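K.L.:
Sequence:
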Amino acid sequence: MGGCKGRHQELKKDRCGDSDCCWFGYKSLCRVNCGRPDVDYNGMVYGNDWWVGSVVRYACRPGFLLVGDPARACQSNGGWTPKPSCLRVCRQGRVEITEKELETATCSSTCPLKSYMGPLKQGCYRIDNCRKINPDWKRWFTRCDTCLCDCHIACASVG
1 MGGCKGRHQE
11 LKKDRCGDSD
21 CCWFGYKSLC
31 RVNCGRPDVD
41 YNGMVYGNDW
51 WVGSVVRYAC
61 RPGFLLVGDP
71 ARACQSNGGW
81 TPKPSCLRVC
91 RQGRVEITEK
101 ELETATCSST
111 CPLKSYMGPL
121 KQGCYRIDNC
131 RKINPDWKRW
141 FTRCDTCLCD
151 CHIACASVG
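When we follow full-length UniProt numbering, the leftmost residue of the sequence shown carries the number 1, and every step to the right adds one.
FYI, nobody ran anything at the bench for these hints, they're computed from the structure.
Since the structure is predicted, the reported quantities are computational estimates derived from the model, not experimental observations.
Hints may be right or wrong, so weigh each one.
To be verified - Cross-link-like lysine-lysine pairs, in silico, BS3-like; alpha carbons within 25 Å at most:
hint, residue 1, residue 2
1, Lys132, Lys100
2, Lys100, Lys83
3, Lys114, Lys132
4, Lys132, Lys83
5, Lys121, Lys100
6, Lys114, Lys100
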């Protein structure tokens, strides 16, 4: 391991391994910069601190859906955590899905208020515009309403 000069000029061990560190008391901070984070053409990145431990946030322009973690962190190896993507989504059709599948919460008989955005769920990136299709007597047996919702997928995969 290399070393770096401390406040009193004594040589200290450098946990960063590249002699590029600074000391605050007895704590060593690596001075690694991950550089400007890349972003999709239809995306935006917020944050201008690119040092180890920093976090930037991503968003997409209207009409696009963010797929992946909206936050990226600068890691000690000088790389960013995985980048999310911005996909244009198009309505594919309708899908039947139970209230419980739309959310991890309990069933509340509120299909019209439920929606989903994120990684594929029942083949859809976005699920919205839901309405209840189970009559009340059927709910008694299933314990959850079934919702009929619009299913949106990436436009490139629309056939």
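K.L.:
If a hint holds in the structure, say so; if it doesn't, say that too.
P.N.:
These are the hints, each one checked on the structure:
Annotation: proposed proximity of lysine 132 to lysine 100 holds, straight-line Cα distance about 13 Å (limit 25 Å). Between lysine 100 and lysine 83 the alpha-carbon distance is near 29 Å, which puts this suggested pair outside the 25 Å criterion. Taking the CA atoms of lysine 114 and lysine 132, the gap is about 11 Å. The hint holds against a cut of 25 Å. A C-alpha spacing of about 36 Å is found between lysine 132 and lysine 83, which places the hinted pair above 25 Å, so the restraint is violated.
With a C-alpha separation of about 12 Å, the suggested pairing of lysine 121 with lysine 100 holds against the 25 Å cut-off. Taking the CA atoms of lysine 114 and lysine 100, the gap is about 10 Å. The hint holds against a cut of 25 Å.
When held up to the earlier numbered hints, the structure conflicts with 2 and 4 and fits the remainder.
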